[in-house]
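Protein chains: 2
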Amino acid sequence: MSNYLRSTGTLGAVTQRSGDPIAEATRQWCEHGWADAAPGMSAITSLMRAHQIALARAEGALKPHGITFARYEVLMLLEFSSRGSLPMGVIGSRLQVHPTSVTNAVDRLESAGLVRREPHPSDRRATLVAITDAGREVARAATADLNTKVFADPGLEPHDVATITEVLERYRRDAGDF
Amino acid sequence: MSNYLRSTGTLGAVTQRSGDPIAEATRQWCEHGWADAAPGMSAITSLMRAHQIALARAEGALKPHGITFARYEVLMLLEFSSRGSLPMGVIGSRLQVHPTSVTNAVDRLESAGLVRREPHPSDRRATLVAITDAGREVARAATADLNTKVFADPGLEPHDVATITEVLERYRRDAGDF
Chain H
1455 MSNYLRSTGT LGAVTQRSGD PIAEATRQWC EHGWADAAPG MSAITSLMRA HQIALARAEG
1515 ALKPHGITFA RYEVLMLLEF SSRGSLPMGV IGSRLQVHPT SVTNAVDRLE SAGLVRREPH
1575 PSDRRATLVA ITDAGREVAR AATADLNTKV FADPGLEPHD VATITEVLER YRRDAGDF
Chain P
1455 MSNYLRSTGT LGAVTQRSGD PIAEATRQWC EHGWADAAPG MSAITSLMRA HQIALARAEG
1515 ALKPHGITFA RYEVLMLLEF SSRGSLPMGV IGSRLQVHPT SVTNAVDRLE SAGLVRREPH
1575 PSDRRATLVA ITDAGREVAR AATADLNTKV FADPGLEPHD VATITEVLER YRRDAGDF
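Chains H and P, in that order, give the protein sequences.
Numbers 1455 to 1632, taken from our numbering, label the letters of the first sequence in order.
Numbers 1455 to 1632, taken from our numbering, label the letters of the second sequence in order.
It should be emphasised that the hints constitute simulated quantities derived from the structure, not laboratory data.
Some clues are possibly wrong.
To be verified - Some, not all, of what chain H presents toward chain P, calculated at C-beta under 8 Å:
1. Ser1500
2. Thr1586
3. Asn1601
Stated by the list, open to error - Taking beta-carbon pairs under 8 Å as the criterion, some of the chain H residues facing chain P (in silico):
4. Ile1507
5. Phe1534
6. Met1542
7. Arg1548
8. Leu1610
9. Val1615
10. Thr1617
11. Ile1618
12. Val1621
What the hints assert, rightly or not - A short list of chain P residues far from chain H (calculated; beta carbon distances all over 10 Å):
13. Gln1506
14. Arg1579
15. Ala1588
16. Thr1619
A virtual CB, placed ideally from N, CA and C, is assigned to each residue, including glycine.
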């Protein structure tokens, strides 16, 4: 922590004590009369920061494979599909991402030779995305690295791993994620 | 769900049954012999999707105020600082974001008139970022909306709100977030 922050008044002092910026924000929320929103602010902000940490780790493991986590998810969806291909729209709804994000991910995967666009056999308005052999190789190698470097030891005790999955399943279900 | 997915083999069928793509991925992980990494994959992927949901809600509440959640965090850090200003480097370390992200957020806030850059009084190499009166107004109005529309009813039962905060505090602490 810089000397500047150390030397400033209340905020600096409290930050020194608690160390956790989210605990500090919670204190501020309560002081400002927003106590009813403080627990939610704390939970949602925790989610944002935890995501930042998890994403950095996942992208660190994926970097040697030349893909982002968003592109990895698209690859795995195709890898696990029975035909090795899915319509663009299905990819978007399964990953709950905006069509433009799917288009962007597929563009990048296609120029790397990992997927290719194909005409849909029965629906002329739809486009299929098919995983290539090179795509399957990257999917497998990237998964091996992600499993070893992130998922097998995700930075949480086994009990917390189960709790997070369970609580966030309720959150996702209520939000219409599936 | 599209007819295409409904009509495909195992994946479509299982997806129909469980409905949850993360449960389906967990099943696939176990089937492929990656059972030891399956719980971590499930927890981390849950975090990614929950973040997507939370971010969309927060940015929905912030949109009328013309700021993103990243810029909101910078504004609030300045709003809560005792002098109404902080060095660029302190903003980055408090928010745990990359210097280029801080520069980007500050650029956008500055061109909207919500912050201004100032020379540091004692460190010629450092730049201070100060919140303006307009910035304080936006911070207050945005917080009121976020509190009402997202934080007061964050989409989790009170018990789950506390659990998420607590588990992710351990995760963040172990990752060096504070």
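These are the hints, each one checked on the structure:
no., hint, verdict
1, Ser1500, "4 Å, holds"
2, Thr1586, "19 Å, violated"
3, Asn1601, "4 Å, holds"
4, Ile1507, "5 Å, holds"
5, Phe1534, "5 Å, holds"
6, Met1542, "11 Å, violated"
7, Arg1548, "6 Å, holds"
8, Leu1610, "5 Å, holds"
9, Val1615, "5 Å, holds"
10, Thr1617, "6 Å, holds"
11, Ile1618, "5 Å, holds"
12, Val1621, "5 Å, holds"
13, Gln1506, "6 Å, violated"
14, Arg1579, "12 Å, holds"
15, Ala1588, "19 Å, holds"
16, Thr1619, "5 Å, violated"
Violation of the numbered hints given earlier is confined to hints 2, 6, 13, 16; the remaining hints are satisfied by the structure.
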